[in-house]
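Construct all of the structure, not just a fragment, from the sequences and the given hints.
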Amino acid sequence: MSEFLHMGGYALYVWSSYGIAFLIMLFGIFKPLILHKQQLRELKLKRQREKR
Amino acid sequence: MTSHSLFSAFLSVVRRDLLLAYRHRSELVNPLAFFVMVVSMFPLAVGADVELLRRIAPGVIWVAALLASLLSMDAIFRSDFEDGSLELMVMTPHPLSVLVLAKVVAHWLLSGMPLLLITPLLALMFDIDVDVIWVLLLTLLLGTPVLSLIGAIAVALTVGLRKGGVLLAILVLPLYVPVLIFASAAVDSAASGLPISGQLYMMSAILFLAITLTPWPTAAALKMSLG
Amino acid sequence: MMKFLHKFSSPPYFYSISGRMLPWLTALFLVLLAYGLYGGLVTAPADYQQGDSFRIIYVHVPAAWMSMFIYMVMAVSGGIGLIWRIKLAEIVSISSAPIGASFTLLALVTGSLWGKPMWGTWWVWDARLTSELILFFLYLGVIGLYNAIEDNRTASRAVAILALVGVVNIPIIHYSVEWWSSLHQGPTVTKFAKPSIHIDMLIPLLVMAVAFKIYYAIALLLRCRNELVQREQGSRWLDEVLEKV
Numbered sequence: 001m002s003e004f005l006h007m008g009g010y011a012l013y014v015w016s017s018y019g020i021a022f023l024i025m026l027f028g029i030f031k032p033l034i035l036h037k038q039q040l041r042e043l044k045l046k047r048q049r050e051k052r
Numbered sequence: 001m002t003s004h005s006l007f008s009a010f011l012s013v014v015r016r017d018l019l020l021a022y023r024h025r026s027e028l029v030n031p032l033a034f035f036v037m038v039v040s041m042f043p044l045a046v047g048a049d050v051e052l053l054r055r056i057a058p059g060v061i062w063v064a065a066l067l068a069s070l071l072s073m074d075a076i077f078r079s080d081f082e083d084g085s086l087e088l089m090v091m092t093p094h095p096l097s098v099l100v101l102a103k104v105v106a107h108w109l110l111s112g113m114p115l116l117l118i119t120p121l122l123a124l125m126f127d128i129d130v131d132v133i134w135v136l137l138l139t140l141l142l143g144t145p146v147l148s149l150i151g152a153i154a155v156a157l158t159v160g161l162r163k164g165g166v167l168l169a170i171l172v173l174p175l176y177v178p179v180l181i182f183a184s185a186a187v188d189s190a191a192s193g194l195p196i197s198g199q200l201y202m203m204s205a206i207l208f209l210a211i212t213l214t215p216w217p218t219a220a221a222l223k224m225s226l227g
Numbered sequence: 001m002m003k004f005l006h007k008f009s010s011p012p013y014f015y016s017i018s019g020r021m022l023p024w025l026t027a028l029f030l031v032l033l034a035y036g037l038y039g040g041l042v043t044a045p046a047d048y049q050q051g052d053s054f055r056i057i058y059v060h061v062p063a064a065w066m067s068m069f070i071y072m073v074m075a076v077s078g079g080i081g082l083i084w085r086i087k088l089a090e091i092v093s094i095s096s097a098p099i100g101a102s103f104t105l106l107a108l109v110t111g112s113l114w115g116k117p118m119w120g121t122w123w124v125w126d127a128r129l130t131s132e133l134i135l136f137f138l139y140l141g142v143i144g145l146y147n148a149i150e151d152n153r154t155a156s157r158a159v160a161i162l163a164l165v166g167v168v169n170i171p172i173i174h175y176s177v178e179w180w181s182s183l184h185q186g187p188t189v190t191k192f193a194k195p196s197i198h199i200d201m202l203i204p205l206l207v208m209a210v211a212f213k214i215y216y217a218i219a220l221l222l223r224c225r226n227e228l229v230q231r232e233q234g235s236r237w238l239d240e241v242l243e244k245v
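Chains as they are written, first to last, in the numbering used here: chain D, 1 to 52; chain A, 1 to 227; chain F, 1 to 245.
The hints are simulated quantities; they were obtained by calculation from the structure and are not laboratory data.
With the Cβ distance kept under 10 Å, some of the chain D side facing chain F (calculated, not the full set):
1. F4
2. M7
3. Y10
4. A11
5. L12
6. Y13
7. Y18
8. A21
9. M25
10. F27
11. K31
12. L33
13. L35
14. L40
15. L43
16. K46
Chain F residues, not near chain A, derived (Cβ > 10 Å throughout):
17. K7
18. I17
19. S18
20. L41
21. M118
22. L129
Quick caveat, the model's predicted, so the values are computed rather than measured. Idealized CB from N, CA, C, for every residue including glycine.
Following this line, the structure appears as structure tokens:
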């Protein structure tokens, strides 16, 4: 296991590559998801205000 | 509508733009002054080593030409957009792309040509051989019209915006890469006595491609900007 | 097929079907990702020249492929939106831009991280990294232009024109950069150029490439839904959606 993490001495480069990929891809999913929630919430509030 | 009337429309747009520029001739000097100043910043930054300067001169002059052309680019449609004459051009029976080409030609005569005329002087300041100066001028002759043609697309896209300045640079500079590469490579090869025909063929091909293709997106973008 | 496309491009239908597709796509993505990561990080043998550092290939190369693929999608759907005025095509086009830009950034960063142990420097002006950098600039231009124009539909048309101009230019840029780097290239890169690829190395690479494509589909659908809600405020179908939230 520790050999696997060591990556033949290239651990820093390999794992930081995968880490950055992970972060960028996670961000690309969660940013629109959160924005979508916000959009729906705001639109709903707006509708309720208009109804009254 | 005959081809004759199309050609005369083309000429009258060129003539009009040249005349307008002549009335504001003091503005024409600014990009030129900018060009000379950028080039003269380099020896101050990298040191006065003649060998080094001679080596980087083609690149320096070409990058400065790129920036100078970028700086003057905005003027190509700006005033016509603001005073409404662009809208009239759209309404004429002539295809807008041809009129756009005329405006680019006029713009090149006013901004690209002067760069060509001042370049030999700058080249002497960098101690470039006379033979190489000819090659440099040839690349500028083939390359700067491409810069104007491509730049016109980006200006047409941004002309309706209040803050188009930096955006224009971001849109245009990546598209200038091939011209920059082939032009400075041609001058480099000439300086080391290698054949340059390959680079010049490529540049001519790019020029003809740009002349035939760019007026359409420019015209489409102008129509879009006018709404 | 045309009928399906027509139906698919209507905003309410797209909104509901994309919502139903997302969980399936996510599951598929996770399975492929797990397989690709296992294959790439564990079962693939270390490269005989580059050792384990070559494993960066499994993020770098798919990201680089995606960066170009997404630019093509952006330009083609932009063109479709420009010609036939299909709203959804416009939305697909502009929603692709940030995803493409992030893949381009990823390819650049991982390329640099791969370059450090191989070349000894973080950055080398080699043909592929340089064209990727220019592609990143092109994406920045597209995003900047879209944000600068207030009206969404005008902005979409502007972006489509720019993206199409970019597509015509990319082969020329690519060729010129290749040619330029062959002029100025030092000898260090040759060992980086083409590692003879073993089949156990290749399969995870292809799996990862497919996984990245699925990821793109997920991120694209999510962004398209946001853009759609933004543009369709006040339409009846959106009100119905809001009822149920």
